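J.: In case you want the letters, here they are:
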Amino acid sequence: MSEGSNTPGPVDPGARVGEGSDESRESDPSAFTTSSALRRVALYGTVLALVAFYLTPIETGLVTAIKTSEAVRTTLPFLPPGPDGFTVEKWVYAFDALSHGMVNSMLFTIPSTILCAVFGSMAAYGLTLVDWRGQIAVLALFIAGIFIPYQAVIIPLSEFWSIWMNLDERLAFLWALPLLEPHHATILELIVTHTGYGIPICTILFRAQYKTMSWEMIEAARLDGASLWRGYRRIVLPLSVPMFAVVFIFQFTQVWNEFLFSLTIIRSVGDPAASVTLILSGLGEALEGVDFPLRMAGAFIAALPTLVVYVLFADQFAEGVRV
Amino acid sequence: MRNPLEAVVEGVRERGVETGERPAEADERTTERSALRRLLDRDVVQSAPFWLPPFLLMGFFVYAAIGWNFVISLTDYAGFGTIDYSTLNFENYRAMLTDPGMWAATRNTFALLVGFTLVCLVVGLLLAILLDREVRFERTFRTIYLLPMSLSFIVTAQFWMWMYNFNFGIVNRALGIFGLGPYSWLGDPGLVLGSVIFALVWQFSGYTMVVYLAALRAIPDDQYEAARVDGASTARLYWRVIIPQLKPAMVSASVVLVLFALKAFDFLYAIWGYRPRRGADILATKMVREAFNKQEWAYASAIAILLFVLSLSVIAPYLYQQHRQGNL
Numbered sequence: 013m014s015e016g017s018n019t020p021g022p023v024d025p026g027a028r029v030g031e032g033s034d035e036s037r038e039s040d041p042s043a044f045t046t047s048s049a050l051r052r053v054a055l056y057g058t059v060l061a062l063v064a065f066y067l068t069p070i071e072t073g074l075v076t077a078i079k080t081s082e083a084v085r086t087t088l089p090f091l092p093p094g095p096d097g098f099t100v101e102k103w104v105y106a107f108d109a110l111s112h113g114m115v116n117s118m119l120f121t122i123p124s125t126i127l128c129a130v131f132g133s134m135a136a137y138g139l140t141l142v143d144w145r146g147q148i149a150v151l152a153l154f155i156a157g158i159f160i161p162y163q164a165v166i167i168p169l170s171e172f173w174s175i176w177m178n179l180d181e182r183l184a185f186l187w188a189l190p191l192l193e194p195h196h197a198t199i200l201e202l203i204v205t206h207t208g209y210g211i212p213i214c215t216i217l218f219r220a221q222y223k224t225m226s227w228e229m230i231e232a233a234r235l236d237g238a239s240l241w242r243g244y245r246r247i248v249l250p251l252s253v254p255m256f257a258v259v260f261i262f263q264f265t266q267v268w269n270e271f272l273f274s275l276t277i278i279r280s281v282g283d284p285a286a287s288v289t290l291i292l293s294g295l296g297e298a299l300e301g302v303d304f305p306l307r308m309a310g311a312f313i314a315a316l317p318t319l320v321v322y323v324l325f326a327d328q329f330a331e332g333v334r335v
Numbered sequence: 013m014r015n016p017l018e019a020v021v022e023g024v025r026e027r028g029v030e031t032g033e034r035p036a037e038a039d040e041r042t043t044e045r046s047a048l049r050r051l052l053d054r055d056v057v058q059s060a061p062f063w064l065p066p067f068l069l070m071g072f073f074v075y076a077a078i079g080w081n082f083v084i085s086l087t088d089y090a091g092f093g094t095i096d097y098s099t100l101n102f103e104n105y106r107a108m109l110t111d112p113g114m115w116a117a118t119r120n121t122f123a124l125l126v127g128f129t130l131v132c133l134v135v136g137l138l139l140a141i142l143l144d145r146e147v148r149f150e151r152t153f154r155t156i157y158l159l160p161m162s163l164s165f166i167v168t169a170q171f172w173m174w175m176y177n178f179n180f181g182i183v184n185r186a187l188g189i190f191g192l193g194p195y196s197w198l199g200d201p202g203l204v205l206g207s208v209i210f211a212l213v214w215q216f217s218g219y220t221m222v223v224y225l226a227a228l229r230a231i232p233d234d235q236y237e238a239a240r241v242d243g244a245s246t247a248r249l250y251w252r253v254i255i256p257q258l259k260p261a262m263v264s265a266s267v268v269l270v271l272f273a274l275k276a277f278d279f280l281y282a283i284w285g286y287r288p289r290r291g292a293d294i295l296a297t298k299m300v301r302e303a304f305n306k307q308e309w310a311y312a313s314a315i316a317i318l319l320f321v322l323s324l325s326v327i328a329p330y331l332y333q334q335h336r337q338g339n340l
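Going line by line, the protein sequences match chains A and B. For reference, each letter of the first sequence is one residue, going 13 to 335 in my numbering. For reference, each letter of the second sequence is one residue, going 13 to 340 in my numbering.
Bound-form chain A, shown alone:
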């Protein structure tokens, strides 16, 4: 796995101490040094080139977002503008356009993330730590639910919310209350919708952990007369805290980034309930062409919450996508 002795510690030191491995590595150290040093250089060169590849689209977006329209034409796309080509005007404009979308997105993302996590944890408990026949069939339906192309449900979905439920009229008595407005009916629809479609993945994430949990522990508790509910609250929930973090981060990102449900349920960019992705999709469109600095600034503002969450909790995010 490693060539030189200058490498950092192996991932799993325990596996290395075994007999034979050390001798094989140090049998002829001098023969290794030059070729292995070259290899390390090539390795780090490749790794850094890839960093450049993954960051370039983001970097060029960032420097473009602070350029005037004139500087966009006259400077190289990956270089920051000179002092006369610098402006934050696009950020101000983009923030004005997106701010109420940010509020709306928060209003439906946070509740549906919490609901998904709670429902997912409960479902995973009922399907994993309690053993009953037919479980597998129910579980298979949960798993398949993750993989549904949403195109297959959006027409019934818009039919259901706009014609059958018609929440903004049914809940009309609420809109007289302070802080509540008719467009919150749409927000409520989005909360329920995102919860419904988020439950399968959250269930599977929790189940991945619960499968490794000691089943005997729950059994022992049940033998002592604890109900399933107490076993859940006293044993399973405290042990699920790290998984709740993973699910929150994963689901928050998913719902915040989602677009198709916004398009089908909210429909219009001008709707007071418009989500941030919906507004961004139509930002800066004009007959004379696309205003790229504005678009880039808007993209960063819209991505800010997920970027912050990602940078702070990269490990949990990686864990969430891996399962």
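For the record, the hints were derived by calculation from the structure and aren't laboratory data. Only a predicted model underlies this, so the values are computations on that prediction, with no experimental measurement involved. Some clues are possibly wrong.
To be verified - With beta-carbon atoms standing in for the labels, derived distance ranges:
{"id": "1", "chain 1": "A", "residue 1": "229", "chain 2": "B", "residue 2": "107", "range": "23 to 31 Å"}
{"id": "2", "chain 1": "A", "residue 1": "236", "chain 2": "B", "residue 2": "243", "range": "58 to 66 Å"}
{"id": "3", "chain 1": "A", "residue 1": "251", "chain 2": "B", "residue 2": "188", "range": "29 to 37 Å"}
{"id": "4", "chain 1": "A", "residue 1": "245", "chain 2": "B", "residue 2": "321", "range": "36 to 44 Å"}
{"id": "5", "chain 1": "A", "residue 1": "81", "chain 2": "B", "residue 2": "201", "range": "26 to 34 Å"}
{"id": "6", "chain 1": "B", "residue 1": "94", "chain 2": "A", "residue 2": "301", "range": "39 to 47 Å"}
{"id": "7", "chain 1": "A", "residue 1": "149", "chain 2": "B", "residue 2": "275", "range": "48 to 56 Å"}
{"id": "8", "chain 1": "A", "residue 1": "181", "chain 2": "B", "residue 2": "96", "range": "20 to 28 Å"}
{"id": "9", "chain 1": "A", "residue 1": "81", "chain 2": "B", "residue 2": "232", "range": "56 to 64 Å"}
{"id": "10", "chain 1": "A", "residue 1": "250", "chain 2": "B", "residue 2": "113", "range": "16 to 24 Å"}
{"id": "11", "chain 1": "B", "residue 1": "243", "chain 2": "A", "residue 2": "316", "range": "51 to 59 Å"}
{"id": "12", "chain 1": "B", "residue 1": "188", "chain 2": "A", "residue 2": "153", "range": "50 to 58 Å"}
{"id": "13", "chain 1": "B", "residue 1": "321", "chain 2": "A", "residue 2": "232", "range": "43 to 51 Å"}
What the hints assert, rightly or not - If you want the ones that stay clear, here's a sample from chain B, every Cβ over 12 Å from chain A, calculated:
{"id": "14", "residue": "98"}
{"id": "15", "residue": "105"}
{"id": "16", "residue": "113"}
{"id": "17", "residue": "115"}
{"id": "18", "residue": "133"}
{"id": "19", "residue": "196"}
{"id": "20", "residue": "227"}
{"id": "21", "residue": "278"}
{"id": "22", "residue": "287"}
Quick reminder that beta carbons are idealized off the backbone N, C-alpha and C, glycines included.
Let chain A serve as the given structure and place chain B on it in line with the hints.
T.: Just chain B, lined up with the frame of chain A:
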């Protein structure tokens, strides 16, 4: 794994719950315990409060909605009226066969699925092997490679529209150094699909890397050592020993990638709106266009059913295989 134990505990549990919870009743168990009580003590019923509400909510939005969508696809619902369920037939499915746009969209969908999935698998594998070779700051690099995946399609589409910009974009500027181009990456029907795949690979290869890395970490180190003692070269070691062991990771990553590709709608919509450039129209974009742009609801739901069947044909064998291997 827990099968042998299961039988034992099952037996204990049958008695255990009652004796523990209600000692008084346990004495007159034989006479008093009605069928109803036994039913209520069954684990299915006891666990129902936990899984049934989420299941019903999910089932309604996923499975009931798909069923409803299928019924709509049998009607002739179009325009702004209401749905007339009285005459049901397969007219929309027949119409799909004669729609030239359908063929183009299906072909593009498959090209996107196959191209995107394969390239992602290869790039992700290379990333994982690189980072598995004891790179310093490995965690930082991993975080950077995975970063694009945390972004919305709508956001990444903005970045790539700028990257691919004809006059000022980085891609054409860079190629210009070598005297190539400029190319119309998002306009030329022969290039658009490739451009989209490239951008999507940028966004999702980090995901494949994470899946492979987890699998690589699970391979015991002595296998590397043994191969080295045998004098095998690094390339040979990976090709013959390591990569074959990554097969399960590869399978599950491909399933997820195919589904990401089916969702590529958001990305295409953010660039072109309802009408992608010729050469980039896929079933997902065509479906949404027929529905929300042309109000051909019934026809759109027929396309949606086709999409559903397509993804089912990927998921069902995978789930079955996982079930057979006891991974569910």
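J.: Decide, hint by hint, whether the structure agrees.
T.: Consistency of the hints with the structure:
One distance hint, 23 to 31 Å for the beta-carbon pair residue 229 of chain A and residue 107 of chain B, is violated here, with the actual separation near 58 Å. Distance hint for residue 236 of chain A and residue 243 of chain B: a CB-CB separation of about 59 Å, consistent with the stated range 58 to 66 Å. Checked against the hint of 29 to 37 Å, the C-beta distance between residue 251 of chain A and residue 188 of chain B comes to roughly 57 Å, which is inconsistent with it. Evaluation of the 36 to 44 Å hint for residue 245 of chain A and residue 321 of chain B yields a pass: the beta carbon distance comes to about 42 Å.
Between residue 81 of chain A and residue 201 of chain B the Cβ separation comes to about 30 Å, which falls inside the hinted range of 26 to 34 Å. About 41 Å separates the C-beta atoms of residue 94 of chain B and residue 301 of chain A, a value consistent with the hinted range of 39 to 47 Å. For the hinted restraint 48 to 56 Å between residue 149 of chain A and residue 275 of chain B, the CB-CB distance of approximately 26 Å leaves it violated. Between residue 181 of chain A and residue 96 of chain B the beta carbons are some 24 Å apart, a value that agrees with the proposed interval 20 to 28 Å.
At roughly 58 Å, the beta carbons of residue 81 of chain A and residue 232 of chain B sit within the given window of 56 to 64 Å. Against the hinted window of 16 to 24 Å, the Cβ-Cβ separation of residue 250 of chain A and residue 113 of chain B comes to about 55 Å, which falls outside the hint. The hinted range of 51 to 59 Å is satisfied by residue 243 of chain B and residue 316 of chain A, whose Cβ atoms lie roughly 53 Å apart. At roughly 53 Å, the beta-carbon separation of residue 188 of chain B and residue 153 of chain A lies within the given 50 to 58 Å, and the hint holds.
For residue 321 of chain B and residue 232 of chain A, the Cβ-Cβ distance of about 46 Å falls inside the hinted range of 43 to 51 Å, so the restraint holds. Non-interface status of residue 98 of chain B relative to chain A is upheld: no Cβ of that chain comes within 12 Å, the nearest being about 17 Å off. Here residue 105 of chain B stays apart from chain A, with its beta-carbon at least about 15 Å from theirs, past the 12 Å limit. Here residue 113 of chain B stays apart from chain A, with its beta-carbon at least about 16 Å from theirs, past the 12 Å limit.
Look at residue 115 of chain B: its CB is around 18 Å from the nearest CB on chain A, clear of 12 Å, so calling it non-interface holds up. Taking the minimum C-beta to C-beta distance to chain A, about 15 Å, the non-interface status of residue 133 of chain B holds against the 12 Å cut. The Cβ of residue 196 of chain B sits about 14 Å from the closest Cβ of chain A, beyond the 12 Å cut-off, so the non-interface label holds. Against the 12 Å criterion, residue 227 of chain B falls within the reach of chain A, whose nearest CB is about 10 Å from its own CB.
Listed as outside the interface, residue 278 of chain B is inconsistent with that label: its C-beta sits roughly 4 Å from the nearest C-beta of chain A, within the 12 Å cut-off. For residue 287 of chain B, the condition that its CB be more than 12 Å from all CB atoms of chain A holds, with the nearest at approximately 14 Å.
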